[in-house]
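Undergrad: Residue strings, one per chain:
There are 2 protein chains.
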Amino acid sequence: MSIKEIKAKDLNTKKFIDEKVREIREAVGDGLAVNALSGGVDSSVVTALGHKALGKRLKTYFIDNGIMRLDEPARVAADFRKMGIEIEVLDASKAFFTALKGLTDPEEKREAITQTFYKKIFRNLVIKSKARYLLQGTILTDVDETVAGIKRQHNVFEQLGIDPQKAFGYKILEPLIQLRKDGVRKVGHGLGLPKHIFDRIPFPGPALAARVIGEVTPAKIAIVKKATAITEAALKNVKAFQYLAILHEDRVTGMRDNKRVFGNQIEIRCWDSLDARTAKPTRLSFNTLEKIAAKITKEIPEVVSVTYNITTKPTSTIEAV
Amino acid sequence: MSIKEIKAKDLNTKKFIDEKVREIREAVGDGLAVNALSGGVDSSVVTALGHKALGKRLKTYFIDNGIMRLDEPARVAADFRKMGIEIEVLDASKAFFTALKGLTDPEEKREAITQTFYKKIFRNLVIKSKARYLLQGTILTDVDETVAGIKRQHNVFEQLGIDPQKAFGYKILEPLIQLRKDGVRKVGHGLGLPKHIFDRIPFPGPALAARVIGEVTPAKIAIVKKATAITEAALKNVKAFQYLAILHEDRVTGMRDNKRVFGNQIEIRCWDSLDARTAKPTRLSFNTLEKIAAKITKEIPEVVSVTYNITTKPTSTIEAV
Numbered sequence: 000m001s002i003k004e005i006k007a008k009d010l011n012t013k014k015f016i017d018e019k020v021r022e023i024r025e026a027v028g029d030g031l032a033v034n035a036l037s038g039g040v041d042s043s044v045v046t047a048l049g050h051k052a053l054g055k056r057l058k059t060y061f062i063d064n065g066i067m068r069l070d071e072p073a074r075v076a077a078d079f080r081k082m083g084i085e086i087e088v089l090d091a092s093k094a095f096f097t098a099l100k101g102l103t104d105p106e107e108k109r110e111a112i113t114q115t116f117y118k119k120i121f122r123n124l125v126i127k128s129k130a131r132y133l134l135q136g137t138i139l140t141d142v143d144e145t146v147a148g149i150k151r152q153h154n155v156f157e158q159l160g161i162d163p164q165k166a167f168g169y170k171i172l173e174p175l176i177q178l179r180k181d182g183v184r185k186v187g188h189g190l191g192l193p194k195h196i197f198d199r200i201p202f203p204g205p206a207l208a209a210r211v212i213g214e215v216t217p218a219k220i221a222i223v224k225k226a227t228a229i230t231e232a233a234l235k236n237v238k239a240f241q242y243l244a245i246l247h248e249d250r251v252t253g254m255r256d257n258k259r260v261f262g263n264q265i266e267i268r269c270w271d272s273l274d275a276r277t278a279k280p281t282r283l284s285f286n287t288l289e290k291i292a293a294k295i296t297k298e299i300p301e302v303v304s305v306t307y308n309i310t311t312k313p314t315s316t317i318e319a320v
Numbered sequence: 000m001s002i003k004e005i006k007a008k009d010l011n012t013k014k015f016i017d018e019k020v021r022e023i024r025e026a027v028g029d030g031l032a033v034n035a036l037s038g039g040v041d042s043s044v045v046t047a048l049g050h051k052a053l054g055k056r057l058k059t060y061f062i063d064n065g066i067m068r069l070d071e072p073a074r075v076a077a078d079f080r081k082m083g084i085e086i087e088v089l090d091a092s093k094a095f096f097t098a099l100k101g102l103t104d105p106e107e108k109r110e111a112i113t114q115t116f117y118k119k120i121f122r123n124l125v126i127k128s129k130a131r132y133l134l135q136g137t138i139l140t141d142v143d144e145t146v147a148g149i150k151r152q153h154n155v156f157e158q159l160g161i162d163p164q165k166a167f168g169y170k171i172l173e174p175l176i177q178l179r180k181d182g183v184r185k186v187g188h189g190l191g192l193p194k195h196i197f198d199r200i201p202f203p204g205p206a207l208a209a210r211v212i213g214e215v216t217p218a219k220i221a222i223v224k225k226a227t228a229i230t231e232a233a234l235k236n237v238k239a240f241q242y243l244a245i246l247h248e249d250r251v252t253g254m255r256d257n258k259r260v261f262g263n264q265i266e267i268r269c270w271d272s273l274d275a276r277t278a279k280p281t282r283l284s285f286n287t288l289e290k291i292a293a294k295i296t297k298e299i300p301e302v303v304s305v306t307y308n309i310t311t312k313p314t315s316t317i318e319a320v
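Sequence lines, in order, name chains A and B. Under numbering that gives the first Met the number 0, think of the first position of the first sequence as 0, with each following residue one higher. Under numbering that gives the first Met the number 0, think of the first position of the second sequence as 0, with each following residue one higher.
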């Protein structure tokens with residue numbers, strides 16, 4: 000089945016929303032649906048769209064995996080509450096840190112997060128909710144990347160460990176599948192989502208675990224969480240495709256109170272890019288760079304050194320893990 | 000005994016050189032002297048001064064520890080040959096790499112290099128040479144730092160494992176001990192040393208071992224040697240106190256030939272500083288930074304990512320190890 004793309008420039012936002020609301024209502028009837036909200040653009044838009052269609056018959060879970068940005072769960076829940084949408088936040092951080100323990104290989108880290116999310120946490124929620132419909136924020140780029148072999152296939156049932164045959168009646172709804180990211184942002188705007196949600200910079204699936212080199216521990220996540228908050232606040236008005244802070248495993252010499260110490264290093268990356276396939280470091284001013292470094296080393300005692308990535312993609316990638 | 004400082008501005012270079020030449024001749028008489036040349040400013044100046052005083056009765060060794068800059072031994076020997084001074088280059092790299100094997104702690108790495116240099120290599124040369132005089136490029140800053148406990152004491156006999164009592168007759172000559180670095184540079188100029196020697200940027204005692212995070216191996220030294228050459232060539236006309244390239248142990252994701260690879264990261268540092276006690280990152284242009292990164296990732300296949308340090312000292316230090 001080929002999917003008919005709707006380009007952002009051809010998108011009639013109001014008409015699109017009305018159509019999708021009707022389709023979701025027709026599919027779900029008087030049943031129950033469930034979805035997982037990550038706080039990213041796609042899942043935020045699908046949450047708002049689903050609630051417009053189904054109201055309280057859509058149960059939205061926000062699974063706090065412990066590797067999210069600073070105050071993320073509370074902030075996302077508050078944003079949606081303001082729109083009259085109740086989100087159930089579930090603290091699953093222990094399960095994720097347990098799964099990540101001892102892993103240093105980036106692919107193994109990614110896999111541990113995916114498996115914990117689908118097989119361990121979300122699977123039980125779906126079963127408990129008795130919902131027969133799953134709303135998923137899949138967009139056309141995800142489908143393309145699956146076909147190209149860049150990402151794993153978005154076969155949610157399989158990922159949940161649910162045999163669609165046995166679990167007859169389960170249906171997955173992907174109302175955004177004809178859109179690209181720019182179209183999704185337009186729909187988010189049309190649904191009345193705040194700009195800081197529908198215009199948010201991309202954030203990796205493995206969340207802050209992708210921003211830690213080596214083993215992911217609660218202590219390291221606490222450091223990179225603070226560095227990320229400082230970096231995002233400092234660069235929020237910069238016209239960049241993406242910006243991020245990475246916690247290195249290497250220790251470097253530093254000075255605290257006139258004494259030599261071995262401390263951590265944070266690497267800042269900020270990218271100019273159109274489509275993430277190639278990217279250049281944003282030419283930030285040294286004023287900005289030095290302010291970020293000063294704030295990070297002041298507010299995070301473990302960090303003595305901050306760098307800025309000056310490589311293009313390729314040979315670098317946008318994220319480090 | 001207090002040492003009478005001669006400030007660079009009060010230094011009469013010709014008079015100083017004449018005096019020191021006479022003092023060295025008076026001390027050594029018709030005996031033999033020996034010194035070790037590292038290629039740095041102080042030991043280069045003391046080598047030229049000693050040869051002016053003693054000619055062939057000063058035996059100068061250049062100990063190649065394998066962790067020097069690209070082509071350093073040959074280049075230093077050639078520079079001195081042009082001035083009519085013969086240097087004996089000794090390849091001791093195996094002894095140093097053996098001593099460094101398995102060490103990751105910065106202090107242990109430094110200690111292994113110091114011990115191998117003094118106790119294992121230079122000690123035998125001194126004994127074999129039958130010289131009773133050691134010329135040493137100690138400057139007043141070294142003495143200050145010894146007193147302040149920043150560096151180890153410059154007690155060369157002890158470091159050589161030679162008991163001055165038993166080895167009665169050994170004498171150490173330190174003709175530059177009243178000077179600071181700026182005075183030494185003036186003397187180097189006065190002795191006719193080429194500007195690229197007497198104006199050279201500082202280089203750490205543990206050489207490129209100080210530019211490798213983690214265990215020092217021949218393969219890692221080969222990478223950081225190339226990165227250092229590229230960085231020094233690109234920044235040689237920049238008015239900076241010091242610039243350097245550091246090889247990290249952490250591996251980051253990169254792209255080579257459209258495939259994901261895990262590669263090395265090089266960190267560039269370039270410092271504005273008066274006295275090395277505090278320092279700021281030099282505000283290099285992004286043109287320069289991006290060119291360095293492109294050249295490093297092009298010419299060193301192992302490296303996929305390059306960063307620039309944006310922290311001040313403190314909390315950073317000039318070197319990373």
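Because the hints were derived from the structure by calculation, they are not lab data. All of these numbers come straight from a predicted model, not from anything done at the bench. Misleading hints may appear alongside valid ones.
All copies of an identical chain are treated as equivalent in the list; a pair is satisfied when it fits inside any one copy or across any two copies.
Claimed, not checked - Restricting the straight-line Cα-Cα distance to at most 30 Å, the calculated cross-link-like pairs of lysine-lysine (DSS-like) are: (1) K279 to K290; (2) K55 to K93; (3) K19 to K294; (4) K258 to K180; (5) K8 to K127; (6) K290 to K170; (7) K279 to K258; (8) K118 to K14.
Undergrad: Evaluate each hint against the coordinates.
TA: Hints and how they fare:
1. K279 to K290: Classified as both; 21 Å inside a copy, 12 Å across copies.
2. K55 to K93: within (29 Å within a copy, 73 Å between copies)
3. K19 to K294: neither (45 Å within a copy, 51 Å between copies)
4. K258 to K180: Result: close only across copies, 24 Å inter versus 49 Å intra.
5. K8 to K127: neither (41 Å within a copy, 83 Å between copies)
6. K290 to K170: neither (50 Å within a copy, 53 Å between copies)
7. K279 to K258: between (37 Å within a copy, 18 Å between copies)
8. K118 to K14: Intra 37 Å, inter 83 Å, cutoff 30 Å: neither.
Violated hints for the displayed structure, listed by number in ascending order: 3, 5, 6 and 8.
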